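S.K.: Produce the complete structure using the sequences and hints provided.
Chains A and B supply the protein sequences, listed in that same order.
Take the position in the first sequence, starting the count at 1, then add 5; the result is the number in my numbering.
Take the position in the second sequence, starting the count at 1, then add 56; the result is the number in my numbering.
Don't read these hints as lab results, they were simulated from the structure.
No experiment lies behind these values; they were computed from the predicted model shown.
There could be a bad hint or two in this list.
Here are the simulated BS3-like pairs of lysine-lysine, each with C-alpha atoms no more than 27 Å apart in a straight line [stated by the list, open to error]:
1. A:Lys206 with A:Lys146
2. B:Lys301 with A:Lys101
3. A:Lys101 with A:Lys132
4. B:Lys384 with A:Lys132
5. A:Lys101 with A:Lys41
6. A:Lys132 with A:Lys146
7. A:Lys187 with A:Lys206
8. A:Lys187 with B:Lys335
9. A:Lys187 with A:Lys41
10. A:Lys206 with A:Lys132
11. A:Lys206 with A:Lys246
12. B:Lys384 with A:Lys146
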Amino acid sequence: MSLAESLASVPTALAEADRLAALAVADVSHSYTIDKGRVPVLDHVSLTLQRGEFVALLGPSGCGKTTLLRLAAGLETPTSGSLAADGEAIAGPDPKRLLVFQDATLFPWRTVRNNVATGLEARGLMKTHGGRIDDALALVKLSDFSHAYPHQLSGGMAQRVAIARALVNDPHLLLLDEPFGKLDSLTRLGMQQELLALWQKVGFSALLVTHDVEEAILLSNRIIVFSDRPARIVAEFDVGKPYPRRRDDSDLVRLRETILATLGIQHD
Amino acid sequence: MSDLAQSAEGDLAIAARPIVQVWRGGIHASAAWFLAAAVTIGFPDTIPWGATELFAELTAAGGAVLLILAFVVHRLGDVGRRIAYYGPWLIAIGLWFAVWEFSTAKTGWLPKPFFSPPHGLLNVYVVDGTRLLICIGYSLRLWALGFGSGTVVGFVLGVALGWSSRFSYWGMPILKLIGPVPATAWIPCTFFFFPTTFHASVFIVALSAGIPVAILTASGIASVNRAYYDVARTLGADERFLIFKIAIPASLPNVFVGLFMGLYYSFAVLVVAEMLGAKYGLGWYIQFQSAYSAYANVYATLVIMAVLCAGIVQLQFRIRDHLLAWQKGIV
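M.R.: Structure, rendered in structure tokens:
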């Protein structure tokens, strides 16, 4: 069974649990201890991500968006409030919820193929699911580079490997932390299209942190805007437009201005 | 297309010059080696050293081989290009032999016993070869046991120190305190603690190699990019996977810095350890021979040591390049 097929079968297998959200964040507050002082980063945040939904998180830089992703990934526990995924409380990292960072963070001592294999290897699934590696590499169009080392890849290719490394584990939820933030603008446009295509083909849920309003509008079903630190949700927008979307669509241009205004940036 | 044009030009050039292609450096090197042979055999030794004829024969044979190579080297492909690259060195070595012979054995400008002509060294290998081989065996055994056990223990300790904060709390201050003490300073105590001189020597060599490996492994493990652990943990890695598949490979470049430092320390300590109450070994041999002012034997041993140590260093470079092929710039 190919990766796309097996992933496509996930919704039917879980049909009865359909009403359970891919991610449910309930009244989460979080603070860090820095120099003996408590720095609050998240302030009573609640949000729900439906299965298969693509949600973008917008906000000023350093506002705590990344913290929310780390909480959702199970890398940290919130100071108060709770998070659940597929109806289960998040207690720690789980390959069902995977992070893709701004830096591809590939393991430089592993070839592209072995980077993608990491998750299966760590869970002892190489024998049964090893074939998925080739499918994942094909999905991100990097089959020819399976034996290359990360330092031989361009930024866009490295980010595609990072996405393949996540997808090979059949994640229900992809947590994307400004995944294209460091790419040049042309590569970024291409990667946005590819991510969109993957999402439509594979059917995972996605939570995308970005500070690129246009990126959020082009890709997501819903946009959530965060305030400055400590982050609160200040606005939420539904982008009710079918894909593929055009940048110059008049509704979307208006939406862009509204969102920018919410973020405190006025035109003229 | 351009290749064809080039080879056609090459053919023309050969046709225009009917002489066979000659490697001029080879001719010069050959001349230098024949000169060394001529100096060796043509002048009488001021004091007999032995192996004069043998050395003359060997240098003459070298000269003859170089003369043949001068005409065939261009047909040997990569090997030939490598030989030709070292042409200036081959010339210098031949001249060096000639000057060395002339200034020591032939004129006595550099007197016995402190200086020895090249055939004096050769004579040592001829006369005392068996004993030297035994000494090489003993030294290699001591070095291998010491360096091997020291680096393994050092590496394991380093991983533990770098990984576990509790281990680091107790271990790091101790390592920082005893690490800078030269391994040779432990010699008096070790002879008291260990049943035999050999055990004590292995311990000192192990200590000298193990400490830099432990320190650099620990710092390497501790400085691994935290994001690697985050990625691996979300992908389902347990602690075992994090240590063996993330922390250790990520810190391998540091480990090799430690291994190279340990390598040089271990050579130094090896010789010192052998000079103290060993029965065989290259260090012992140097000590023993210099007591008799047999400096030719000392020089001959130094040459062996240089070749052995350089060989081991080269071997370790090869291993590193193989294991760290993923690093930028090494491939």
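S.K.: Which hint numbers does the structure go against, in order from smallest to largest?
M.R.: Hints 4, 5, 8, 9 contradicted; others consistent.
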